[in-house]
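Q: Given chain F, work out where chain X should sit, using these hints.
Protein sequences appear in the order of chains F and X. Everything in the first sequence is counted per my numbering, starting at 1 for the first residue and increasing by one. Everything in the second sequence is counted per my numbering, starting at 1001 for the first residue and increasing by one.
FYI, nobody ran anything at the bench for these hints, they're computed from the structure. Glycine included, C-beta positions come from ideal geometry on N, C-alpha and C. You may find that some hints are simply not true.
Stated by the list, open to error - What follows is a set of in silico ranges between Cβ atoms, one per label pair, in the way DEER data are often shown:
#1 Ser1140(X) <-> Arg95(F): 54 to 62 Å
#2 Ala1050(X) <-> Ile69(F): 20 to 28 Å
#3 Gly1034(X) <-> Ala114(F): 46 to 54 Å
#4 Ala114(F) <-> Thr1190(X): 42 to 50 Å
#5 Ala130(F) <-> Leu1059(X): 50 to 58 Å
#6 Leu1059(X) <-> Ala139(F): 35 to 43 Å
#7 Val111(F) <-> Trp1037(X): 44 to 52 Å
#8 Arg95(F) <-> Ile1088(X): 41 to 49 Å
#9 Lys118(F) <-> Ile1027(X): 42 to 50 Å
#10 Gln46(F) <-> Val1040(X): 32 to 40 Å
#11 Asn1153(X) <-> Asn138(F): 36 to 44 Å
#12 Glu1160(X) <-> Asp156(F): 45 to 53 Å
#13 Asp1170(X) <-> Gly188(F): 54 to 62 Å
Claimed, not checked - Which residues of chain F face chain X? A few of them, derived with a C-beta cut under 7 Å, are:
#14 Asn9
#15 Phe38
#16 Leu67
#17 Ile73
#18 Ile81
#19 Ile85
#20 Asp141
#21 Thr143
#22 Arg155
#23 Ile158
#24 Leu166
#25 Ala175
#26 Gln178
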Amino acid sequence: MRQNAGTLNRTWLAILGILVLAAGTALLLQASGTLQEFLNTAPAWQSVITGDLHAFLAPQGVAAVVLIIGLIIGVLGLLWIIAQIPRRNSAGAYRLHDDGSQGFTLCDPSVLAAAVEKQINTLPGVVTSAALLRGSANAPDLTLKVTVNDRADVRDVIRRIQTTTLPELSSALEAPLQSCRLQIDVSGRTQSTGTVVHSTGTVVY
Amino acid sequence: MSRPGQRSTRLRHRPSRAIPALIAGTIILAAGVGLVWLSVTRLVSGSWPAVLQGPVDWLAGLAWNDPAVWQIGTAAIVAGVVLLLCAIIPGGFTALTIDSSGTGTRDAAPPAQEQETVMTRRAVAHLAKARCVQIDGVGSASATATTRRVHVNVTTSLHEPGDLRQRITDAVRARLEEAGLSPVPQVTATVRSRD
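Chain F with its partners taken away, still in its complex shape:
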């Protein structure tokens, strides 16, 4: 249902991987003296830092540069962590009016989603459901997560959703569904609809 940052993660993991791999390779080539033969770099026996490191770090400007670099790096890391939070990305209000010259008609997609969930929850074998509408009023995009009992007829549930629920939603919006994604989950719980009646064991003649 929720969308995650798969493409973003793989892209940045690849970039970081290439950079770190290249840095490690260059370090080993330099340490072995091979890099000096090809690129005329410093000899392997020489110090990594030539010059006075303490004097280099003394000016206040260096601290300011380190601060800026630290802020940039920290913000990038934080943004990447925040991007891992799965997002619903549900649609904004559906605009059901034509051109608005005679008024606006707006519909909150969550209202439609709740109606879909309520109908699906009455189907035999369904334990619970969740619906999420994306897209627009003219091109609605529906994602459903339906949890069924482990003895339910899964194909029957799917058939009922496809022949009843989806056409009714499409009819309500007066637009065909752009896409419908259905995820079936299985639970050992039983359907929660209905009324529980307790028996007292009393027989009345």
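A: Structure of chain X alone, referenced to chain F:
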């Protein structure tokens, strides 16, 4: 990063590599916080923190061919390879496809232009386990599922299981086929007698 109301992504997708991303992001954030703390301390107090003294002295005396440089280089290569593998290796799909094309009425138009019906691997395993425990002779069962295989571990009180394994695999396969999974994963079973 994502606009509200955009189209949905496929439910059956490859792993998002969230854990390597979280680890890398945390390391990057920690490095940034560390640099900020060092520089703020320098700007406020007029001198770098004392914790920096040791690393600076060590760095000043480090030569290119020191063992520490070899170790750092090797660690960087290993880390780079791991990161690249995390990015390149696709990983198994998170869900199995259900063929829902035959569930609608013949003359009716498809309910949506693009349809996708899936069942998670965990749901498939639950379905297999639930079918197993209904079979006569099965004491307890557990199941694991990938996109291609479902394996059930069964404990029975029978001293001679006989054809129990075959009955289990046939029953579970029939249940998965009945659920509409396409292709139906290969079902294997391990039966252990409880003595």
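Q: Quick check on Ile158(F) please, does its C-beta sit within 7 Å of some C-beta on chain X?
A: holds (5 Å)
Q: Has the hinted range 45 to 53 Å been met by the Cβ atoms of Glu1160(X) and Asp156(F)?
A: Taking Cβ atoms as reference, Glu1160(X) and Asp156(F) lie about 38 Å apart, which means the hint is violated.
Q: Verify the CB-CB distance for Lys118(F) and Ile1027(X) against the hinted window 42 to 50 Å.
A: Holds - the Cβ-Cβ distance for Lys118(F) and Ile1027(X), about 46 Å, lies within 42 to 50 Å.
Q: Does the beta carbon distance between Arg95(F) and Ile1088(X) stay inside 41 to 49 Å, or does it fall outside?
A: At roughly 43 Å between Cβ atoms, Ile1088(X) and Arg95(F) fall inside 41 to 49 Å, so the hint holds.
Q: Does Ile73(F) meet its interface restraint, that is, does its C-beta lie within less than 7 Å of any C-beta in chain X?
A: holds (4 Å)
Q: Using the beta carbons of Gly1034(X) and Ala114(F), state whether their distance is inside 46 to 54 Å or not.
A: With Cβ atoms ~48 Å apart, the hint holds.
Q: Next item in the hint list is Asn9(F). Is there a CB on chain X closer than 7 Å to its CB?
A: holds (4 Å)
Q: Do Asp1170(X) and Gly188(F) keep their Cβ atoms within the hinted range of 54 to 62 Å?
A: violated (23 Å)
Q: Under 7 Å is the threshold here; is the Cβ of Leu166(F) close enough to any Cβ of chain X for the hint to stand?
A: Status holds, d = 4 Å.
Q: Using the beta carbons of Leu1059(X) and Ala139(F), state whether their distance is inside 35 to 43 Å or not.
A: Taking Cβ atoms as reference, Leu1059(X) and Ala139(F) lie about 59 Å apart, which means the hint is violated.
Q: At a threshold of 7 Å, is the proposed contact between Ile85(F) and chain X supported by beta-carbon distances?
A: violated (10 Å)
Q: With chain X as the partner, please determine if Arg155(F) meets the hint condition of a C-beta pair closer than 7 Å.
A: This hint holds: Arg155(F) lies near chain X, its Cβ roughly 5 Å from the closest one there, short of 7 Å.
Consistency note: the structure conflicts with the earlier hints numbered 6, 11, 12, 13, 15, 19 and 25.
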